[in-house]
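Trainee: For reference, the chains in residue letters:
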Amino acid sequence: MIEVKDITKRYGETVAVDHLSFTVKPGIVTGFLGPNGAGKSTTMRMILGLDRPSSGEVTVNGHAYKTMPAPMHEVGALLDAKAAHGGHTAYQHLRWLARAGGISPRRIEDVLELVGLSDVAGKRVGGFSLGMYQRLGIAAALLADPQILLFDEPVNGLDPEGIRWIRTLLQQLAAEGRTIFLSSHLMNEMEETADHVIVIGRGRLIADASIAEFTQRSASSHVRVVTPQAENLAAVLQRAGASVTTAEGVLIVTGIDAPTIGQIAAANHFEVHELASRRASLEDAFMELTQASLEYQAGAANTTNTLKNEHSLAAMEI
Amino acid sequence: MTTVQMNPATPITASRSPRPASFSHTLASEWSKLATLRSTYVTLSLGVLLSIATTALTALAIGATRANVPDNFDPITISMIGTIFGLIVYSVFGVLAVSREYSSGMIRLTLIATPNRSRVFFAKFALVGFIILVAGLVTTVGMFFAGQAVLGAYGMPVASLGDPDAQRMVFGLGAAMVFFPTLGLAFGVLLRSTAGAITTVLGLLWLPQIVGELAPRWSQEHILSLLPSNGVDSMTVGHMQHNPAFSDPAIGALIAATWLVTIVGAAYLQFLRRDA
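Chains as they are written, first to last, in this note's numbering: chain A, 585 to 902; chain B, 2 to 277.
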């Protein structure tokens, strides 16, 4: 269990992390989401005792990481896969790490085999591809067989095969009951692997919820209703607490779910031709939540163009 | 307990032995880092060979050109002429032992594996100090015998390692070679930059040579004598050479120790406090 308690990190005038609190619960995969520059890496460094919070505290299994007597046995971390000496072989790189934690050299061969680097164990890491560096970084994190794993952007820059490999491995590690804390700015990746998400933007907590809750809460989740009595049904639904927009006899309903709409329509004898609920993807929900907190926002030109195109298409159809 | 396996031959779960990591683990880990790098052997061999070759060539030049031997001919000091080259190479080695970890980002992995920063700091300094002590002694003993052998071949007076003056020079200078590489390691920690730390430590090493001969005598006595290299040299070669910038050996030791404690101490405090 990782407990982040009201941490703030300032670099001069810049506030990288702003009164952030959350708990990474044991035994599940928790995704740590946020746009670039949101403070994800800074937070991970503070969890690992590398950076000191300006205020607040972080504990791992109830202790500050710095004070753990055998930290490698409790926590494994992959921050920057390329943080290795190019002159070391894969085996030698893991050897100095194993020695630091008093870990048996037999374990090095085990983890090398697990990540599929046994054949290149004697090759210098300077010649490794990014995918191989990631595998080596994961081998290093798993060396002492810890229950808690922290991965900072593990799929960044990987090819589809590498991404699939990491996804499979994470699911396997999660199935063993390990606690996994995984940061990413790739939303669809999280949808596949995480059970729970913590979303931050500009160093502040935006959401801390299960994947299902997170996407349901999004305004992008809506129910589409097609009815010949659009205006009347809209009024009834609004009275029931929904917010409704009407366009060409199609109602876009948010605030109440599809079964409830069906019941209301049936009770009031409305004729309904189509009733479909559309759940927002994690990406939609994320974009919506972090829009306000994006550090580097591209101009809104694209959105405007798309809208214009839709209008002209609609005009052509008429 | 059920274990899901990706490959039946390699379970992820291993037997647990969470013994607390100790200083000896950190020392073994740091040793492992340096001892497995080819560059460690290349650099140290280069230091030894450059020093011995410089001494041998100098002795050769002296032997080949001097018909009659002057009264103050000193075969011990002549044989130590290559020291500066070893010192440059070992100082660079000291800087690289830590600056390379900063440039690659590996320092974070080191501190994740061993979050006790004092332990990492002292392990690095103890190890680099020990390696340079061995390399330094190999260098001065090698230079001594090479120098005496070449001078002897030209029929010039030679010294024996049984001579107390020779012993003090050879072992003292060899051991004192640890001084600048240790400062180099400390500058590597302080500046986190290979180029910056090398420039700083070599600048400090060469400062007396650069300004020494040109400076007026009073400044040699009162200012240059306070430089770290003159402090160290007062202890090691002061009994053989006369130089206004040299102090009494005890004062020299005090000067050298002050530099060492100040710079290494500053590096220690920075290493403990700073974000990695």
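Incorrect hints may have been included.
[To be verified] One side of the interface only, derived from the structure: several residues of chain B facing chain A at Cβ under 7 Å:
| # | residue |
| --- | --- |
| 1 | H26 |
| 2 | A29 |
| 3 | A36 |
| 4 | L273 |
| 5 | A277 |
Simulated from the structure, these hints should not be mistaken for lab results. Even for Gly, the Cβ is constructed at its ideal location relative to N, Cα and C.
Trainee: For every hint, state whether the structure bears it out.
Mentor: Each hint tested on the structure:
1. Proximity of H26 (chain B) to chain A holds as hinted, the smallest CB-CB distance being about 5 Å (cut-off 7 Å).
2. Evaluation of the A29 (chain B) hint against chain A yields a held restraint, the C-beta minimum of about 4 Å falling below 7 Å.
3. Annotation: interface hint on A36 (chain B) violated; nearest CB of chain A at approximately 9 Å, more than 7 Å.
4. Restraint check, L273 (chain B) versus chain A: the minimum CB separation of about 10 Å is more than 7 Å; hint violated.
5. Against a cut-off of 7 Å between C-beta atoms, the interface hint on A277 (chain B) holds, since the closest Cβ of chain A lies about 4 Å away.
The structure is inconsistent with the numbered hints 3 and 4, although it conforms to all the rest.
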